[in-house]
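With the hints as extra help, turn the sequences into a complete structure.
Quick note, the sequences are listed as chains D and Y, same order.
When we follow this note's numbering, the leftmost residue of the first sequence carries the number 6, and every step to the right adds one.
When we follow this note's numbering, the leftmost residue of the second sequence carries the number 25, and every step to the right adds one.
Keep in mind the hints are simulated off the structure, nothing from the lab.
Even for Gly, the Cβ is constructed at its ideal location relative to N, Cα and C.
Where hints are given, some of them may not hold.
Unchecked claim - A partial selection of chain D residues facing chain Y, derived with a Cβ cut-off under 8 Å:
| hint | residue |
| --- | --- |
| 1 | Thr59 |
| 2 | Asn60 |
| 3 | Leu75 |
| 4 | Gly77 |
| 5 | Lys100 |
| 6 | Phe106 |
| 7 | Gly109 |
| 8 | Lys113 |
| 9 | Lys114 |
| 10 | Gly146 |
| 11 | Gly205 |
| 12 | Pro339 |
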Amino acid sequence: MREIRGLEAMQEALREEMSRDEKVFILGECVRMGSLGISAGLADKFGNNRVLDTNISECAIAGSCLGAALAGYRPIGDILCSDFFYIVADEMCNKAAKWRFRHGGKPKKLPIVYMSSIGGYVRSDAEHSQTLESIIMHCPGLKLVIPSTPYDAKGLLKTAIRDDNPVVYLYHKLLMPMKGKVPEEEYTIPFGVADIKREGKDVTVVATGYMVQMALDVANQLQEKGVSIEVIDPRTLEPLDIDTIVDSVRKTRRVVIVDEDTLRCGVTAEIAVQIMEKAFDELDAPIQRVAAANCPIPAGWFLEQYVLPYPKDIIVAIQRVLGRDVGPVEVKGPTSSLVELLEVGGIMKEKGK
Amino acid sequence: MKLNKGQKLKLYTNLVRCRKLDEMMRRALLSGKLPGHWTSPKGQEAVGVGASTFLRKDDYIFCSHRGHGITTFIPKGLSPGVFIAEHYSKATGGACGMAYFSVYDIDIGIPGIGTALGGDFVIAAGLGIGSKMEGKGKVVVCIQGDGTYGRGTFHEAALMAANWKLPIVWGVENNQYLISTHISEYYPKENMADLAFGYGIPGIVVDGQDVFAVCEAFQTAVERARVGQGASLIECKTYRIEPMCIGMADIRGTKVRSREEIEPWLKRDPIDLCRERLVKENILTQTDIERIDSEAQKEMEEAERFADESPPPDPQILKRALYTE
Chain D
6 MREIRGLEAM
16 QEALREEMSR
26 DEKVFILGEC
36 VRMGSLGISA
46 GLADKFGNNR
56 VLDTNISECA
66 IAGSCLGAAL
76 AGYRPIGDIL
86 CSDFFYIVAD
96 EMCNKAAKWR
106 FRHGGKPKKL
116 PIVYMSSIGG
126 YVRSDAEHSQ
136 TLESIIMHCP
146 GLKLVIPSTP
156 YDAKGLLKTA
166 IRDDNPVVYL
176 YHKLLMPMKG
186 KVPEEEYTIP
196 FGVADIKREG
206 KDVTVVATGY
216 MVQMALDVAN
226 QLQEKGVSIE
236 VIDPRTLEPL
246 DIDTIVDSVR
256 KTRRVVIVDE
266 DTLRCGVTAE
276 IAVQIMEKAF
286 DELDAPIQRV
296 AAANCPIPAG
306 WFLEQYVLPY
316 PKDIIVAIQR
326 VLGRDVGPVE
336 VKGPTSSLVE
346 LLEVGGIMKE
356 KGK
Chain Y
25 MKLNKGQKLK
35 LYTNLVRCRK
45 LDEMMRRALL
55 SGKLPGHWTS
65 PKGQEAVGVG
75 ASTFLRKDDY
85 IFCSHRGHGI
95 TTFIPKGLSP
105 GVFIAEHYSK
115 ATGGACGMAY
125 FSVYDIDIGI
135 PGIGTALGGD
145 FVIAAGLGIG
155 SKMEGKGKVV
165 VCIQGDGTYG
175 RGTFHEAALM
185 AANWKLPIVW
195 GVENNQYLIS
205 THISEYYPKE
215 NMADLAFGYG
225 IPGIVVDGQD
235 VFAVCEAFQT
245 AVERARVGQG
255 ASLIECKTYR
265 IEPMCIGMAD
275 IRGTKVRSRE
285 EIEPWLKRDP
295 IDLCRERLVK
305 ENILTQTDIE
315 RIDSEAQKEM
325 EEAERFADES
335 PPPDPQILKR
345 ALYTE
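Right, here's the structure in full:
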C-alpha cells in the first residue's frame, strides 16, 4: 500500500468530499492558500465560491457555519488552532452544539465540521499550542474526532463531512508530516469505534492524537524489556467507545491514560472515571494519567519540555502501574519546528495542485 | 415601494394581532399561568411588523428580544398557538416545548433564535452565504436591539456581509434601553445607522413608530439585497414603554424612570398612529376597526386554547433532540 503524509491524507479527504457533494464548502482565514496547507489547491479545483477566505473573524467563521447549515449547506469552518475555541465558544458551544436540541430537534440536520490544529512541540506558544479537547468533550452536542495516523485522518474526516451533526475535527500539527499507509480506494471510518493500535497483555495505554504515536514508540522500546503494552486510540471522544477500553483493561488489569490537554479536568480524568465505574474490581493498580502540566504552554523549547507530555513521563506511569522499575529506556521525544511543518505544507501545496 | 390599500390594512391588522398576543401573554404572566418572564414589545410593534409582513415566505428573519419575536414571527406566518404553546412547554410549541421562548420553523424562514444576545448576527451571515450560493433571491433580515449592537459579532458579520455582498438587511430596533442603561451612555453618536458607514453599505434612519415608513425602508433594502446589491442597515427609532421584563423594576441608571420621559412616547403609539392615518385616508372605517379588533382577540383566545389543550412533550425528546441519527 502507498504511504502518504497526514497532510496529504486530509487534502485528499477534502477534495474527495467536495467532489462528491456540491453542498460542501470551506471557509476560514486564507483557506485558498491553506494556512497550514490542508485546504491548499481546493480553490483551483472548486473555485472561489466554495473556498472562502475570511477576515480574522473566528466568530463569523464559526457562526456562519451554523447559518449555512440551516440554509441546507455543509460548511467546513477552518478554525486554525484549537486555542481559538475560546474565541468562538458561543458560536460552537452555545449555538451550533445546542441549536437542534434547543429547538426541540426540529432542525433536521446541522452538518458542520469545525477543523482545528492541536498540539505543541513546535514552539508556537500558549495561544497556539493547546489541545482543547476537554472543553469540547464537556459540551453536549458536538462530536469530537482526533485522528492519530494518516489513515485515520482521511477516513475520519470523510465521515465527519458526511455526518449530519456538528463535528469538531482536531488534527495534531505533527500529524501533518507523519507518513502512513493510506489506500487509494475509497473508505470511511465510523465514529465511536476505538482502534487497538498495538496489542499487548501487561498494560493498557489509552492515548489520543499525537500521544498515540508517543505511546507506540514507548511500547516498542519496552517490548525489548519484556513489557507488553496494548495501545488503544479512541479516535473519537464523542462518541466514546469505552467498551473497547474496558475490555482491554479486563485483560491487562493495568491502565495508563495519555493526553496532551491539561491534566486538571482533562480527558484523562473522564476516561479514568468511566473505567473506574465500569471495571474498578478488574484493576490491579491505581490508574495513572499523563497529560500537560497544569500551567500554560511556554513557547521556549527548553521550558516547553517541562509542561507537555514526553515519553519519559509515559514510562514513569507504566512503571507505577507495574509496580516495578523496568530499567533504563531511551525514547526520543518529538523534535520539530513550525517552520519545518510549514515547509512540508509548502511541498504539499504544490502537489495539491 | 408604494403601499396600496390592502397592504396598509394588512400592516394595521398585524399590529393589532401582535398587541392582542402581547396582552394575552401579559395576562398569562400576571395570573401565574406563564411560568417564566415576558418582555413586552408594547409600543415597538411597528418595527417587526413593518419589516416582516411583506417578506417572501422563504426569506429568513431574526428578531430582537422584545416579545420573544412576536412582532416579526407572527407577520412572517407563525401561528400564535405554536408561540404560546412553546411558552407553556407543550409538545406543539415552536421548539416542541424545549425552549420556552425560541421557536423554529425553517419552512417559513424562522431559523430559530439564540438567546445569548448577539450570536444571531453571525448565523445570519451564514444564511446569507447559503442564500447567495443558492441563487434563488432569498434575503435575510436580522433585527436586533440597540444594546445587542454592542457585540463584536456584529462587526464580524457586517464585514463578512459587506465583503461578499450578502443579501442581508441589518435592523436596529432602537428602543433606547439596554436593560436599565440609557443609550446616551452606551452609544456616542445620534444615529446607530452611522455604523453602516464603515462597511460601505447604506445606513438609514426611520421613525420606528410609523409602520408604513418602516415597511417601505425594509422593502427597499430587501429588494436591493434580492438582486445582489448587498446589505443595508436600518435603524428604527422607537422606545421601550415597559421595564425590561414585566414586573421588573423600571430603572434608568440608578433611579426610577420618570413618567415625563415616557409620556410623549405613549402619545406616539404605533397602532394609534397607523389607525389615525388610515381613517384619515378613508381606508379604515369604525366598523373595520372593531372587526379587526374582535377577530384578533378571537384568534388569540383560540390560540391560547390550542396551547392549553396540547399535551406536554414526551421526556424522551431529551434523548432524541441532541443529534440527528
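Right, here's what the structure says about each hint:
1. Thr59: Check passed: Cβ of Thr59 (chain D) comes within 7 Å of chain Y, closer than 8 Å.
2. Asn60: holds, 5 Å
3. Leu75: holds, 5 Å
4. Gly77: holds, 6 Å
5. Lys100: OK, holds: Lys100 (chain D) within 8 Å of chain Y, min 5 Å.
6. Phe106: Holds: closest Cβ of chain Y sits about 5 Å from Phe106 (chain D), inside 8 Å.
7. Gly109: Nearest chain Y Cβ about 3 Å off; hint holds.
8. Lys113: Because about 7 Å separates Lys113 (chain D) from the closest Cβ in chain Y, which is inside the 8 Å limit, the hint holds.
9. Lys114: It holds, given that the least Cβ distance between Lys114 (chain D) and chain Y is near 5 Å, below 8 Å.
10. Gly146: holds, 6 Å
11. Gly205: Where the cut-off is 8 Å and the nearest Cβ of chain Y is about 34 Å from Gly205 (chain D), the hint is violated.
12. Pro339: violated, 35 Å
Hints 11, 12, counting from the list given before, are not met by this structure.
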